[in-house]
Amino acid sequence: MALSACGGGGGGGTAEVPPVVVVPPPVATISREQAARFLAQASLSSTAAEIAQVQALTYNGWLDAQMALPRSSTNVAWLRSKGYDAATFKNSQAGADAMMWRKLISSADPLRQRVALALSEIVVVSVAGITNTGFRQFAAGNFMDILEANAFGSYRSLLEQVSTSVAMGGYLTFKGSKKANATTGSLPDENYAREVMQLFTLGLMQLNVDGSVKLGANGQPLETYVQEDVSQLARVFTGWDTDITVGTTEDPARVIAPMVQYASRHELGVKSFLGTTIPANTDGVASLRLALDTLMAHPNVGPFIGRQLIQRLVTSQPSPAYVKRVAEAFNDNGAGMKGDLRAVVRAVLLDTEARASSNLSDPAFGKLREPVLRFVQWARTFGLADAADEWKLGDLTDPAAKLGQSPLRSPSVFNFFRPGYVPPNSPIGFRTAPEFQITTESSVAGYVNFMQGVISNGINGLKGDYTAIRSLVPDSTALLAELNVVFAAGQLSASTLAALKTALDSISTTTTTGVNNRLYAALTLVLASPEYITQK
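Heads up: the sequence shown begins at 15 in the working numbering, then just goes up one per residue.
Just so you know, the hints here were simulated from the structure itself, not pulled from any lab data.
A virtual CB, placed ideally from N, CA and C, is assigned to each residue, including glycine.
Some clues are possibly wrong.
As the list claims (entries may be wrong) - Derived DEER-like restraints, expressed as beta-carbon distance ranges:
id : residue 1 : residue 2 : range
1  : V240      : A101      : 19 to 27 angstroms
2  : S87       : K193      : 51 to 59 angstroms
3  : V462      : S226      : 37 to 45 angstroms
4  : G167      : S278      : 27 to 35 angstroms
Said to hold, decoys possible - Mimicking DSBU-like on lysine-lysine, the simulated pairs with C-alpha atoms at most 30 angstroms apart in a straight line are:
id : residue 1 : residue 2
5  : K477      : K96
6  : K104      : K228
7  : K193      : K228
8  : K515      : K96
Whenever a hint applies, use it, and build me the whole structure from the sequences.
See below:
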């Protein structure tokens, strides 16, 4: 009986054991709406072709493919190719805006560009504020090249390259900072020392790994650093200046090259900050590296930077659990490395909180789309192209007539909006919603009017190509259905679609002009819809 039960009855032979077949779990089908939602968080547009690519590759596969792409041509190389390295441009910003629009609108590596844009809003430089140097467009271009190069790399490496860039040295005024002079009473410049802690690594208050603020025995928040830490760290950033062995004052080579150490200007005394002491007579390069190692070792960096990347890509008010998961990925990529942005970006975009459809109905989830991202999405969706590769779209920061925002044009080191901004007197309570800081009655009207003009007339001679959707225009239901997916990931409500359909059906399509007017109206109405402007 036992033998029979084991398949061994009679004859004394040995029965073959069938191979174990492991059936992998089925891969969930990604809908067009889900793919478009993912692209809204990870990319710069969600065209029909891009949506199909995500569906074919899956989220993980798409990230793999994007991270494997070679970097597109550098900003510095493009500026040179357009002749902006001529001495006549030495004291101008010419080319800086075009350089940024070119990358955002035409690049073939949208994930890298999206992450680099996010990093530029955390580690901030504004081209107009770069002082004490010529060829500011090249300084800014090199800065963006640093962010692009490190978008999937090491945050520690990014910090060192940023900290020795002429752009940051000129923007936060430590380029040329010298050791204290007892005779004149001069002290090292403290600007960068303060901001590299407050904005680029630690924040003002000590944090738990989930981003919540640590409290002391008295129930009050614990500060991350004090003024003495700033003063001591400022001594590290003395002696850094332009490398005068490179190029001349009449070409941009010196603003592209990293700053170098001038030993006679560097403070060689003991430097003590954040519980670390750099011994006397430590040279400037070693001091800087020890200082950055100290900042990177601080437990705040993971939750502080991780939360901001979540805000820039996915949602303004992430849950503590979401922040914790991303901070843990920042703290250890699985191979013992801290600050691996490749792992962090994956953690942000693949987290259950980012992907869960249930969050679509959660009023606390999501973010306001930045005006720059709305404009760029339109431009990429409809193939805005510049045959001359000049991209002279200009500075679009005017809130009354343009976007109220433009890349590398922040009014201060605090970006256009701060990560902790809470809209006053609003129904969202005490939840953070950074992009609302640049949202006013004037900017809302300015955006709609600007986009209405751009949609119908183009911008500075560049126009969108609507060939792919023109056939849908006579059927307003079909037109809105496609725009709903491609722009809003299917998140325009039935009532909104009905209202838009009524408006569009009032525009006759019996003439070419009528077809154009209905198409332009559809795009303007969708891009002005609160359900589109709110990215879920």
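> Against which earlier hints does the structure fall short, listed by number upward?
Replying inline: 1, 2, 6, 7, 8
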